[in-house]
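One letter stands for each residue in the lines below.
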Amino acid sequence: MRPRSLLLLGAGFTVWAMAFVALYAMLSVGCRFGWDDTALDMAGGLSLQRLQLIAIFLVHLAAGAAVVMLLRRRRGEGFLYPLAYFAAIAALGASVFSFAGVFFLSACQ
Amino acid sequence: MSRETPQDRQGAAAAPPVNPIRLHRELAALWDTPAGWQQLGAVNHTILGKRFILAAFFFFGVGGLLAMLIRVQLATSGTAFVGPEIYGQLFTMHGTVMMFLFAIPMFEGFAIYLLPKLLGARDLAFPRLTAYGFWCYIFGASILLCAMIAGVAPDSGWFMYTPLSSSTYTPGINADVWLLGITFVEISALSAAVEITVSVLKVRAPGMSLARMPIMAWYLLITALMMLFGFPPLILGSILLELERAADLPFFDPTRGGDSLLWQHLFWLFGHPEVYIIFLPAAGAISMMIPTFARHELVGYRAVIVAVIAMAFLSFGLWVHHMFTVGIPHLALAFFSAASGLVAIPTAVQIFAWIATLAAGRPRFDVPMLYLGGFFFIFVVGGLTGVMLAMVPFNWQAHDTHFVVAHLHYVLVGGFVFPMMAATYYWLPHFTGRLAEHRVSKPAFWLIFLGFNLTFFHMHLTGLRGMPRRIDTYPVEARLDWLNLLSSVGSFVMTIGFALFVVDLVVHMRFGRRFRRNPWAARTLEWAMPTPTTSYAFASLPHIEERGDRLAPDAEGARLAAGRGYLGFTRNGWMETLGVDMVGGRPDQLIVLPRQTFLPLWSGLLTAAMVLCLLAKIYWLALFAFLAVVVSLLAWTGATGARQDMGALPIGNGASARPHWETEAPPSWWAMVMTCAAEATLFSSLLFGGLFLWLVAPQWPPARPALPDPLLAGACAVLLVLAAFAGRGGLAALLQQRSPALRLGVCAGAHGGAALLFALMAASVPVPTAHAHNATALVLLSLCGLRAGFGALLAAYGLWRWHAGFLSAARSLDLRIGRVWHDYAAATGLIGISAAFVFAWLATTGGTGS
Amino acid sequence: MRERFRSGVLFRPICLLAGGLLLSACTGPLSALQPEGPAARGTGTLWWIMLFAGTAIFLAVAAVLMLAFVRPAWLRRFGETRLILWGGLVVPLVILSGLVTAALALGERVLVVGQGEALRIEAMARQWTWRFRYPGGYETDDLLHLPVGRDVDIVLTSADVIHSFWVPRLGGKLDAIPGHVNVIRLRADRPGTYGGVCAEYCGIGHAPMRFSVEAHEEDAFAQAVGLAAASDTAVGGEGAR
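Line by line, the protein sequences are chains D, P and W. Numbering of the first sequence is given in our numbering, commencing with residue 1 and proceeding in unit increments. Numbering of the second sequence is given in our numbering, commencing with residue 110 and proceeding in unit increments. Numbering of the third sequence is given in our numbering, commencing with residue 960 and proceeding in unit increments.
So here's chain D without its partners, still in its complex pose (with noise of 0.2 Å):
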């Protein structure tokens, strides 16, 4: 094994991470430009801000599964692939728990 899979022990958690950044550093530029107000009615009258918001939840939602999906085929192998594949679910539910306060709180205020 090289030094990489070293890093996999970050890998579902840097996903995590990267939600992290753009979920809140999105809020607050839609807060500033008021995208809280835009409702759009194509998307059933959810303003911009909200779907925005949803928008990046499930994009990283999805890319926190791939990174379980790849590791799981090699869950098997040696010490570091486990421990890699368990902190990816681990951080997967982190996501879930964390940011599913999207579809229902308060954005702006």
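Note that these hints are calculated values from the structure, not bench results. Note that this is a predicted model, so its numbers are computed, not measured. All C-beta atoms in this analysis are idealised placements derived from N, C-alpha and C, irrespective of residue type, glycine included. Errors might be hidden in some of the hints.
Where chain D lies over chain P, by a calculated footprint (3+ residues, C-beta under 8 Å) [what the hints assert, rightly or not]:
(1) 315 to 324
(2) 431 to 444
(3) 447 to 453
Chains P and W: place on chain D using the hints.
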């Protein structure tokens, strides 16, 4: 590993049997630090680890003394023991001393002392860096201490919120002492972070793959990585605030496009991971002690590693829970609230892993276990109140009250002080070679434990009944007297306990019974050596074939002392240890460590001189001191490397390895990678600051945006790319056995040119004191220029090493380290140039500030 | 909806009965445990739930730890991996999910300043005093008049350093930050005088930077802040500018 391996037998056949006493004499002659003045030149991890621990313990006493004064002041309503000015210094210094001068150095000391012994190495990867870190810590701490004695200690709270800490509201030297002194101390934290990371990854005993590392090494590795990414935001924040105070650059001034919230973000981006940086090493120590006393290996070794990884990441996603009341949208609060609650889960995993270990074994009760019991009790309470505080509506009530004071003491004393006292009793025999009597240990524990709870348990209630933090008096109508008096009494009980603890340690050192080896019947490698330990730790290095907590230290210790492991000999007067393949643990290099030297002391003194010049506001002299520091650090390299190729050298047991400077990725190369990672974090924090101010701060847009000259910027970009390619070309030439001189010269010149252009662009930023945008542009470009300047220095250094004959196709290390930096400086320089344009564009078109 | 949070009243007797010494433990002019408004009451309810749940969790962990010493066989029969899985992951996750959901729902109610009708009072903090300005332009120092039974938005700003506005018996705190405007919505249910403090360290005058809140019936409030009918010529009173 107790069995003989095939190589082992070969080795034994090849080498003549060694006399343990003679081997000891030979190694001691090389590794021992001579007595007297020479002790100041010590670079040995055992000596420096002890010094760190002792100094940190001294500062624990200082912090404790300050706490006593605070409790005297708060004992009754309307006390006039000290005035509000002094009280401000008291609580600020209590927090600062405990966090920066006690907790972090204490953990560093433990790590420095233990790590090589746990990993089966003779020392850490960079002994001189250990020494330099120690001097930075001592000198920085001395500055703070002297300021306190002179009555000009920092007084804006340990998190130094602006604008209170800005020059308008704190005109004196107080805040400068904090900003410069703490940044100075943090040099030691960052150097320890690099050192620990690289040592765990590279400097282990042969056969110790990652899967076989003792659990403490995992904890320390992850903690060190957290430090690498956690400290740079605070260092950046401190630099920016000091620049605001000294040069009037308005990063945090709301009247000129700055924002005090930026400071809060930068501070807590460090400040929260810091809490886990303190807790995790203590948790690592618990994970070492519990198996020993349970007489069973750690249950859930892998689950614990995953939990620690999760904790490390999550801890970077909850800093805003210190800022729940600054007026942030509810959804954003929810992210941080959920993450703050979530971090309880990896904590719970560890706690239940420890309980499961106890259940699986046959637990034996001894003094360290008593202290661990105290840990369980206090830390679980602190964790539960932590989850409460993570809930935003409750936080709005409890924030900045004595509820938080109680919570943080439960977490930090429970999560660090109690485990560290347990660890002290556990490893003290290792330090001293004596067994404790433990007659005073138990009363000391009960006094500390009961005193602690008497101080802090009902303090939760004090807070909920409306007592804010950091008030020096409270009115009698608030009906808080009896709660506070009880806390004050409790704190004195606790102090008596700590005094008894000190007495116990002294008695132990003076009268403890001597023992031979491994008094707790532990199964980890640090006990496979004579105690008190020798300067070289292992007379020969083991071959590890089991997980690090399943070893037999007694048998192994005897075998290693007899020189039957690796490197059971001396040669060339070298201080040798082995480096291994990062993941698999196959020995891949012979690491030759530097001898004791006064250079780190000189570098530390020069750094201290620089800090003092900055404090005294003699900036031209500070610049000279800075150059002197750089020169003194370059002087360290004189003793390393060789002028001819050595090839593979025998390392015992029939194996051989090249000296580290002839290998692909020796520790110093990894140190450069880690340094770049830390610098990248600092740089990203600056970019974040620029965007944050544009987004959030009042008084935007700026009157005159700082748009760099496109021509200069383009030329600068070209030079940066040229420097990177020339650096790579120089290395390629060397590897093809041609002269790299020309390309290195081009590299140095291009870097120098880029640095000059950056300086020009920075100098042409219009009125940097007028607006935070302009100030940010100035710092951004200057930072890029500094990196290019350092690149030029590295290239020139490579050139000198070539002319001095240290480089060859086999000995290309210096150029490969250089290449990492040249690439990094070019990439971040290009990002910096683009960022300058983006910021200028945002400032002109980004709408009006709300 | 609001009635649900009044159930916090049920906990008060429990608190009061918690022992002789603690008889007056939860009350006081600044006590967040003696709420007089919906925000503080909701938070108080959350606190009591968390306190009882926290105590239960603590006792449970302590019991399991004890078992490891006195009845390790029971835990071993349960299985070590299962112990870590259930104790470390499943149970805390379930509890946390419930708690976070409840806290976020409460947060939407008490933290979010919605569109609804509310009286706006400006609060300007400076070292080391609070100045309150009412819709008619009337100002008071270190004394905040509130109408009873009506939502009030306190609009917080600071003239110098960071301060924090906290009236524990009415609701949580919010910072007054130079260059920013923060709004906290409070409501007092009953007439009375409540204590308020600055909760963020703001220099040597931090501790005495207190203020008091007087909640009046609507008429008395109008009288106090000069909003009474124009015929009322008695302008001013204490703290009038």
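We went through each hint and held it up to the structure:
1. A count of 3 residues in the stretch 315 to 324 of chain P with a Cβ less than 8 Å from any Cβ of chain D is obtained; the coverage claim is therefore met, three being the minimum.
2. Counting residues of the stretch 431 to 444 of chain P whose beta carbon lies closer than 8 Å to any beta carbon of chain D gives 6, which meets the minimum of three for the stated coverage.
3. For the stretch 447 to 453 of chain P, the stated coverage by chain D is satisfied: 3 residues place a CB nearer than 8 Å to a CB of that chain, which reaches the threshold of 3.
Taken one by one, the earlier hints all hold for this structure without exception.
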